[in-house]
Structures are given as C-alpha cells and as structure tokens.
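> Given the coordinates of chain A, assemble chain B onto it according to the supplied hints.
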Amino acid sequence: DVKVTQSSRYLVKRTGEKVFLECVQDMDHENMFWYRQDPGLGLRLIYFSYDVKMKEKGDIPEGYSVSREKKERFSLILESASTNQTSMYLCASSSDRGRNQPQHFGDGTRLSIL
Amino acid sequence: AQSVTQLDSQVPVFEEAPVELRCNYSSSVSVYLFWYVQYPNQGLQLLLKYLSGSTLVKGINGFEAEFNKSQTSFHLRKPSVHISDTAEYFCAVSESGGSYIPTFGRGTSLIVHP
Numbered sequence: 440d441v442k443v444t445q446s447s448r449y450l451v452k453r454t455g456e457k458v459f460l461e462c463v464q465d466m467d468h469e470n471m472f473w474y475r476q477d478p479g480l481g482l483r484l485i486y487f488s489y490d491v492k493m494k495e496k497g498d499i500p501e502g503y504s505v506s507r508e509k510k511e512r513f514s515l516i517l518e519s520a521s522t523n524q525t526s527m528y529l530c531a532s533s534s535d536r537g538r539n540q541p542q543h544f545g546d547g548t549r550l551s552i553l
Numbered sequence: 110a111q112s113v114t115q116l117d118s119q120v121p122v123f124e125e126a127p128v129e130l131r132c133n134y135s136s137s138v139s140v141y142l143f144w145y146v147q148y149p150n151q152g153l154q155l156l157l158k159y160l161s162g163s164t165l166v167k168g169i170n171g172f173e174a175e176f177n178k179s180q181t182s183f184h185l186r187k188p189s190v191h192i193s194d195t196a197e198y199f200c201a202v203s204e205s206g207g208s209y210i211p212t213f214g215r216g217t218s219l220i221v222h223p
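Chains as they are written, first to last, in our numbering: chain A, 440 to 553; chain B, 110 to 223.
Keep in mind the hints are simulated off the structure, nothing from the lab.
Among the hints, a few may not be true.
Lysine-lysine pairs mimicking BS3-like chemistry, simulated, CA-CA at most 27 Å apart [what the hints assert, rightly or not]: (1) 167/B <-> 442/A; (2) 167/B <-> 178/B; (3) 457/A <-> 492/A; (4) 492/A <-> 442/A; (5) 158/B <-> 442/A; (6) 442/A <-> 496/A.
Covered by chain A, according to a simulated footprint, are these stretches of chain B (three or more residues, beta-carbon under 8 Å) [what the hints assert, rightly or not]: (7) 172–186; (8) 210–216.
Note that CB positions come from ideal geometry on N, CA and C, so glycine has one too.
Next up, chain A with everything else stripped away, as it sits in the complex (with noise of 0.2 Å):
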C-alpha cells in the first residue's frame, strides 16, 4: 500500500513566522500535491509537483512555496505566516502512468496561527 506521510498531525506557530510543512511518500510516484481544506470549501490547490524541481502553480498559491529536492519528499512553506493560514494542509501523490491513477493522501497537518 502506498503510504504518504506528513511529519506533523498538529501544529501551532506564530503570526511572522517560517512554517515548512514535509510530506514524504514511499511509491516512487512522480506527481506530488498540496492542498488546503476549510469548511464549506472543499480541497483547494497550493501547488503541485510533477518531478524532481519541477512545480506549478495551484488555485491559491499566494503566501506559499514548495521545495522538491528529491522524488519521494515535498515540502510546503509558509513564508511569513498570517492568521488566515490557519487550516487543515493536506499532502497526496499520484502515478504518472495516466490520469486515470487515484491520489493517495496523508493524514494532514492542521495547522493554527496565533
């Protein structure tokens, strides 16, 4: 079974301050996602990550960037994070075999700025 694994289930951090969220999958999958879930809006888009170094902007990538240095390992950062940051980040990877390959999601990391 593939297994992706964000490094935090919760996390509290300050207004001002770096966050990096990790996620790491163990299926050599080439495709990797960030995506951001609230209330009544459903899973959107930060960026999505189709191979080593390689990044494309999501429906709401402001405020936010991503590292892939290596195939099995993306990061997502908060550059300065506000208040309105405050959300349930969630990480999935999928097949590059065809758009017909589910996504595979980690637990998310709900993340709180105060």
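Chain B only, in chain A's frame:
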C-alpha cells in the same frame, strides 16, 4: 475544463437506511471518476473509481456508484448505512488526456444517526 458539483453539502440519515450522495460533472471529453471518503481527522482515501467498462462500480465498505454518461452523473449509493459511515465524501474527475490534477467537488457530509 471540467467541473464537479456535489449537490448536497450535508445528508442526514438514520442508521440502516439507504443513502445516495449525488455528483454531477461537466466535461467535453472522456473522464475518469472517483469517490473518496474522509473520516474525522484523517486524510482522504479512495472509495471507488470508474475508468471504463461496466457503469456500475463497487467499492469498499459496501458502497457502489453508477456512471451515467447522458446525465453526466456519478452518484454514490449504499443500501444500508452504519454509524461508522459518518464522514465527508468527495467526488473527483480527471479528463482523459488532460492534466494530472483532478477536479474535486466541495464534499458532502454524511451524518448517520442512531
């Protein structure tokens, strides 16, 4: 570009009753369709998927979904729900030949009452 509409944001139901969660999509090309389930404080996990062939798809935990091309729908059903089915359910679509980024609906919260 594709879009997904989950018509009900919340569906309350009594235990052992049948349930249908509705999903409609919009696309001009062939699609792949997915249902995911998210239990409280967890990530999403794949419930079932339609890729091709038989329009009735069976998934885990007794769920099934029917692909209706003419009505562009992919409704999820279960004949008898349990308390443990209480969760958020997401419908997603990917286009054949399109991006590796699927489009998600906003989710339906299934609440099963004893």
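> Quick check: do three or more residues in the segment 210–216 of chain B have a beta carbon closer than 8 Å to a beta carbon of chain A?
holds (count 6)
> Need the status of pair residue 167/B, residue 178/B: alpha-carbon distance at most 27 Å?
Holds - the C-alpha atoms of residue 178/B and residue 167/B are around 17 Å apart, at most 27 Å.
> Straight-line Cα separation of residue 158/B and residue 442/A no greater than 27 Å?
19 Å, holds
> Do the alpha carbons of residue 167/B and residue 442/A lie within 27 Å of each other, as the hint requires?
Since the Cα atoms of residue 167/B and residue 442/A sit roughly 23 Å apart, the hinted pair holds (cutoff 27 Å).
> Would you mind confirming whether the straight-line C-alpha gap from residue 442/A to residue 496/A stays at or under 27 Å?
It holds: about 24 Å lies between the C-alpha atoms, which stays within 27 Å.
> Residue 492/A and residue 442/A: Cα distance at most 27 Å?
21 Å, holds
> Verify the proposed pairing of residue 457/A with residue 492/A, using a straight-line Cα cut of 27 Å.
21 Å, holds
> Do three or more residues from the segment 172–186 of chain B put their C-beta atoms closer than 8 Å to C-beta atoms of chain A?
violated (count 0)
Comparing the model with each earlier hint shows a violation of hint 7 alone; every other hint is respected.
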